[in-house]
Amino acid sequence: MEEMEIVGQIVGGKTAKILIREKSGKKIELGDLLVVEENGALIILQVYDLAYGSQIPQSMRELIAGLKLEGYGTELTFLEPQLRNYVIAEVKAIARVEGNDVRIPKSLPSFFSPLRHVTEKDLSFLTKPPNPVYIGKVRSGSKVLNVDVFLNGVDVFTHHIVIPATTGRGKSNLVKVMLWSILDQPDFGVLVLDPHDEYYGRHGKGLKDHPKAKENLLYYSSTPLAGTNTLIVNLRSIMPWHFQGIVSFTDAQWDAIRRYHNTFHEQWIENIVRGTEINGVAPRTLEVLQRKLDNVLGVYLDDAGNIQCRNRVFSETAGTTTTRDIANALEAGKKVIVDTSKLSDEAELLIGSIVASEIFYRYQSYKSEGKLDEKPVVSIVIEEAPRVLGGDVLASLGENIYSTIAREGRKFKVGLIAITQLISLIPKTILANMNTKIILGNEIAVERRAVIDSAAQDLSEDDRTIASLDKGEAIISSSFTKFAVPVQIPLFEKYIEGSEKKSREEVVFVG
Amino acid sequence: MYKFAHISDCHIGANREPALESLELAAFAKALDICIQEKVDFILITGDLFHANIPDMRAANEAVKKMKEVRDKGIPIYVIYGSHDYSPNQTSMIDILDSAGLIKKIVKGKVVEGKLKLEFFEDPKTKAKLTGISARKVGLEKNYFEILDRETLEKERGFRIFAFHSAVSELKPEFLAEMEAIPVSFLPKGFEYYAGGHIHQYCEAGFPNYERIAYPGTLFAGYPRDFEQSAKGVKRGFLIVYFEDKVKDVRFHEVKVCDYVYFEYDVTNKNSVQARTDLLEKLGKLDVQGKLVIVKVKGELSGGKTSDISASEIRSRLIEKGAINVIVNRYGLTSKEYAAIKVMGEDIQTIENKLLRENIGKVKVSNEELKGEKGAKLASDLLRILRQEQKLSESKKDYTERIQKMAVEILGLEEVFK
Numbered sequence: 001m002e003e004m005e006i007v008g009q010i011v012g013g014k015t016a017k018i019l020i021r022e023k024s025g026k027k028i029e030l031g032d033l034l035v036v037e038e039n040g041a042l043i044i045l046q047v048y049d050l051a052y053g054s055q056i057p058q059s060m061r062e063l064i065a066g067l068k069l070e071g072y073g074t075e076l077t078f079l080e081p082q083l084r085n086y087v088i089a090e091v092k093a094i095a096r097v098e099g100n101d102v103r104i105p106k107s108l109p110s111f112f113s114p115l116r117h118v119t120e121k122d123l124s125f126l127t128k129p130p131n132p133v134y135i136g137k138v139r140s141g142s143k144v145l146n147v148d149v150f151l152n153g154v155d156v157f158t159h160h161i162v163i164p165a166t167t168g169r170g171k172s173n174l175v176k177v178m179l180w181s182i183l184d185q186p187d188f189g190v191l192v193l194d195p196h197d198e199y200y201g202r203h204g205k206g207l208k209d210h211p212k213a214k215e216n217l218l219y220y221s222s223t224p225l226a227g228t229n230t231l232i233v234n235l236r237s238i239m240p241w242h243f244q245g246i247v248s249f250t251d252a253q254w255d256a257i258r259r260y261h262n263t264f265h266e267q268w269i270e271n272i273v274r275g276t277e278i279n280g281v282a283p284r285t286l287e288v289l290q291r292k293l294d295n296v297l298g299v300y301l302d303d304a305g306n307i308q309c310r311n312r313v314f315s316e317t318a319g320t321t322t323t324r325d326i327a328n329a330l331e332a333g334k335k336v337i338v339d340t341s342k343l344s345d346e347a348e349l350l351i352g353s354i355v356a357s358e359i360f361y362r363y364q365s366y367k368s369e370g371k372l373d374e375k376p377v378v379s380i381v382i383e384e385a386p387r388v389l390g391g392d393v394l395a396s397l398g399e400n401i402y403s404t405i406a407r408e409g410r411k412f413k414v415g416l417i418a419i420t421q422l423i424s425l426i427p428k429t430i431l432a433n434m435n436t437k438i439i440l441g442n443e444i445a446v447e448r449r450a451v452i453d454s455a456a457q458d459l460s461e462d463d464r465t466i467a468s469l470d471k472g473e474a475i476i477s478s479s480f481t482k483f484a485v486p487v488q489i490p491l492f493e494k495y496i497e498g499s500e501k502k503s504r505e506e507v508v509f510v511g
Numbered sequence: 001m002y003k004f005a006h007i008s009d010c011h012i013g014a015n016r017e018p019a020l021e022s023l024e025l026a027a028f029a030k031a032l033d034i035c036i037q038e039k040v041d042f043i044l045i046t047g048d049l050f051h052a053n054i055p056d057m058r059a060a061n062e063a064v065k066k067m068k069e070v071r072d073k074g075i076p077i078y079v080i081y082g083s084h085d086y087s088p089n090q091t092s093m094i095d096i097l098d099s100a101g102l103i104k105k106i107v108k109g110k111v112v113e114g115k116l117k118l119e120f121f122e123d124p125k126t127k128a129k130l131t132g133i134s135a136r137k138v139g140l141e142k143n144y145f146e147i148l149d150r151e152t153l154e155k156e157r158g159f160r161i162f163a164f165h166s167a168v169s170e171l172k173p174e175f176l177a178e179m180e181a182i183p184v185s186f187l188p189k190g191f192e193y194y195a196g197g198h199i200h201q202y203c204e205a206g207f208p209n210y211e212r213i214a215y216p217g218t219l220f221a222g223y224p225r226d227f228e229q230s231a232k233g234v235k236r237g238f239l240i241v242y243f244e245d246k247v248k249d250v251r252f253h254e255v256k257v258c259d260y261v262y263f264e265y266d267v268t269n270k271n272s273v274q275a276r277t278d279l280l281e282k283l284g285k286l287d288v289q290g291k292l293v294i295v296k297v298k299g300e301l302s303g304g305k306t307s308d309i310s311a312s313e314i315r316s317r318l319i320e321k322g323a324i325n326v327i328v329n330r331y332g333l334t335s336k337e338y339a340a341i342k343v344m345g346e347d348i349q350t351i352e353n354k355l356l357r358e359n360i361g362k363v364k365v366s367n368e369e370l371k372g373e374k375g376a377k378l379a380s381d382l383l384r385i386l387r388q389e390q391k392l393s394e395s396k397k398d399y400t401e402r403i404q405k406m407a408v409e410i411l412g413l414e415e416v417f418k
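In order, the protein sequence lines correspond to chains A and B. Counted the way this note's numbering counts, the first sequence spans residues 1 to 511. Counted the way this note's numbering counts, the second sequence spans residues 1 to 418.
A portion of the hints provided could be inaccurate.
Stated by the list, open to error - List of simulated lysine-lysine pairs, DSS-like, C-alpha gap at most 25 Å:
(1) A/LYS411 <-> B/LYS374
(2) A/LYS367 <-> B/LYS371
(3) A/LYS501 <-> B/LYS364
(4) B/LYS137 <-> A/LYS212
(5) A/LYS214 <-> B/LYS405
(6) B/LYS354 <-> A/LYS214
(7) B/LYS142 <-> A/LYS208
(8) A/LYS342 <-> B/LYS189
(9) A/LYS212 <-> B/LYS142
(10) A/LYS367 <-> B/LYS377
(11) B/LYS377 <-> A/LYS212
(12) A/LYS371 <-> B/LYS115
(13) A/LYS208 <-> B/LYS371
(14) B/LYS30 <-> A/LYS214
(15) B/LYS30 <-> B/LYS65
(16) B/LYS377 <-> A/LYS371
(17) B/LYS364 <-> A/LYS367
(18) B/LYS391 <-> A/LYS501
(19) B/LYS137 <-> A/LYS214
(20) A/LYS214 <-> B/LYS115
(21) B/LYS189 <-> A/LYS214
(22) B/LYS65 <-> A/LYS214
Stated by the list, open to error - Cβ-to-Cβ under 7 Å is the rule here; a few derived chain A residues that face chain B:
(23) THR228
(24) THR317
(25) GLY319
(26) THR321
(27) VAL507
Keep in mind that the hints were calculated from the coordinates and are not lab data. Just so you know, even glycine gets a beta-carbon here, dropped at the ideal spot from N, CA and C.
Looking at chain A on its own, in the form it has when it is part of the complex:
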């Protein structure tokens, strides 16, 4: 071992609880990555708890403290205190590295082995995969190493991603960083349903500043900026199944909806709003449906008998191709942000449902036609995911397109990026299908427990580590990583510095 800067030594423990005595003067932190060198291999260990250790009995330590505090012996000290008092770190071995071969350790490192901090060279096996999605840099405790962490986008997007964290821990910053890194990659189409209008960069830096934004980014908003698209969906694009699991209807109301759809096909909503009576639907049911459509879509009949929409997002005349345009863009590997900040929850989820259904069913048919391999992966970013994936929602409203994608999407290259503060509300059967979790700080114990229980790696000892994650610090637990990788996510504004859009070339005008 040449010039190894020892920070501690193994002094006991068992498989998942190895005890390290900290060398005096060295500070071992929660989450630190330590290394034992052994027969040409490296064993990487991670600190998950810290405690005091002392060779002096507790009563003696308390007595000495009392004497000092009460002024009887301010000069009192321990003989060779660095030998008698120390810190014990609890660590677990997370990876055994031999060259580029990384495995889960199946044996303990040698007893009494010295340890050092991990270095960038130790992590040279973390190479850039094909279809890379950037997450950040490897973090050891609070120290950031100059080692980039990428995930293979095709793998992780098809197998869904969950980002659990409480407010202010950097969820949207993370998603912005990820999307920026793939904006010029045609192998993924990503739909972002953005209820806070924070991804495009309406008021500051955002994905619009990417050099390839003009070609690869579409932004739909009910208040579009110059050159961006108006979010307007034609009523005829909306089918009864788009409401499935999103809006609550009674059996009688569903029956009425089916009758209207069978009678008027794509004009079913217009006819309900206009109050066209048909056999088998009671006037009372029709009235309730009118009210519900008014609540969800904001559509009503004005005094002149014209259909109006309060939020102007749904239209009888315009927006005929919006759904198709978005689905085409996703299929072409573009990224589409839909600003739903001015819509109700239900309207937002409905628009997502319309687009997600279009893309999911298209991809289903591509699979049956044998064309799926040529298509890019499509991922859908959904904020506050329990609104559609929550156990109580699924129990009361039934399955919806998002839960269908969560369960079956990977067969058709369609995935979810579910963002949530309350992962505990999502049933385990769905979480089990979501193979990558990017865990940010969370102070709620129940939520941490839910994250730990559904992680791809054993994080049973990481409760404190997760609780202590600062803003921008995260742990990636994925079936596509060999171990749970601690990362530091860069601040989006810092990350994009220097790679923003260049000024355009000169245009000659012909009138």
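Let chain A serve as the given structure and place chain B on it in line with the hints.
This is chain B only, laid out in the frame that chain A set:
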């Protein structure tokens, strides 16, 4: 109250068949006659007045005579280029007529510090202020919209009309879903009227800040698809806009120059002999006297050649029965025995993309980037680059270098050509 006519997509010279050409000219003449009768204060033609920048001279001559008649009545005609009659060197028929004072091109502006500053043209009588952006080939006018100084235009007071020849995404009809389009937000806000061209079907809608956007559609037909739409009942015509300081009313005036018959025949499960016999028998029963007939034959023959269903035979049979003209659409016709790649599309770009996708499999290459969807997209992107025209101020050498550089970038070969 003032009023102006909003006409678009006349496509004079598009139809070379004498019968169709005279109908095309009749539609144009009829529209202008209505303008004279209605005593409109001016006429605004929002692109594709002619089918080409140097159109068929016989048809152009007839159209010019009619426009002269209108002009002599004191009705000015304002125009913008469409994607068909655009000329990068300003040497199209539109420019000739503009120079002669018969029509007036209203688009004027220049690029200052990267921003396109447009000027308004004021109609002397009504004081309506007109400006706009002409079309260029394959939707390249988008570049102009990207640098348009909207703010200055929005500050102008008065009755403002913005003329343009581009599809607006939010207003595209479903059958034009694949058409290149601009978002409505590219237009300057708050104008009293947005006069659109390029979409061949009448449509009108309002959005927040863009209260009245209208496309009159084509007057007759620029493409075979237009005939089919007309035969299915789509009305052709133009708009008369009534205004004071705001638009008071917009009325669609139908221009009908003939009756249509639309006949669709599905050959599926029939061989070519059975299908031909059955089709001709059915066509024989149609009343086509004095009508324009559109016959669409589609489906997959169970046997025989698609050429057994002869367009010329169908045409001559129906002409014999008194049809003005017959348009036969066989794009959807295939045969199990003779599979040939045929594609249908609504515009050139769609057809091109479909053809590339369909044919890419036939090209044997080892590089994964050149196969499948990726290969088709690469080919499409490359074509887009190679189609770019030389800029006015650009030397041939600069032009060649620019195109080469862009092509190398598209192909991802920067390292090779470094």
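query: Is the hinted pair B/LYS364 and A/LYS367 satisfied, with a Cα-Cα distance of at most 25 Å?
result: holds, 23 Å
message: Would the hint linking B/LYS377 and A/LYS371 be met if the CA-CA limit is 25 Å?
response: holds, 15 Å
Closest C-beta approach of A/THR228 to chain B relative to 7 Å, hint status: holds, 6 Å
task: Starting from B/LYS142, check that the Cα of A/LYS208 is at most 25 Å away, please.
output: holds, 18 Å
task: For the pair supplied as a hint, A/LYS411 and B/LYS374, confirm whether the alpha-carbon distance does not exceed 25 Å.
output: Cα-Cα ~21 Å, so holds.
task: Assess, step by step, whether the Cα of A/LYS371 is no farther than 25 Å from the Cα of B/LYS115, and give holds or violated.
output: violated, 44 Å
query: Taken at face value, is the distance from the CA of B/LYS364 to the CA of A/LYS501 at most 25 Å?
result: violated, 37 Å
- prompt: For the pair supplied as a hint, A/LYS367 and B/LYS371, is the alpha-carbon distance within the 25 Å limit?
  reply: holds, 18 Å
- prompt: Taking 25 Å as the top limit, are the C-alpha atoms of A/LYS212 and B/LYS142 close enough?
  reply: holds, 16 Å
- request: Sort out whether A/LYS212 lies within 25 Å of B/LYS377, counting only the CA atoms.
  value: holds, 16 Å
- prompt: For the pair supplied as a hint, A/LYS214 and B/LYS115, is the alpha-carbon distance within the 25 Å limit?
  reply: Measuring from Cα to Cα gives roughly 17 Å; hence the hint holds.
Closest C-beta approach of A/GLY319 to chain B relative to 7 Å, hint status: holds, 6 Å
In summary, the structure is inconsistent with hints 3, 12, 13, 14, 22 from the numbered list given earlier, while agreeing with the others.
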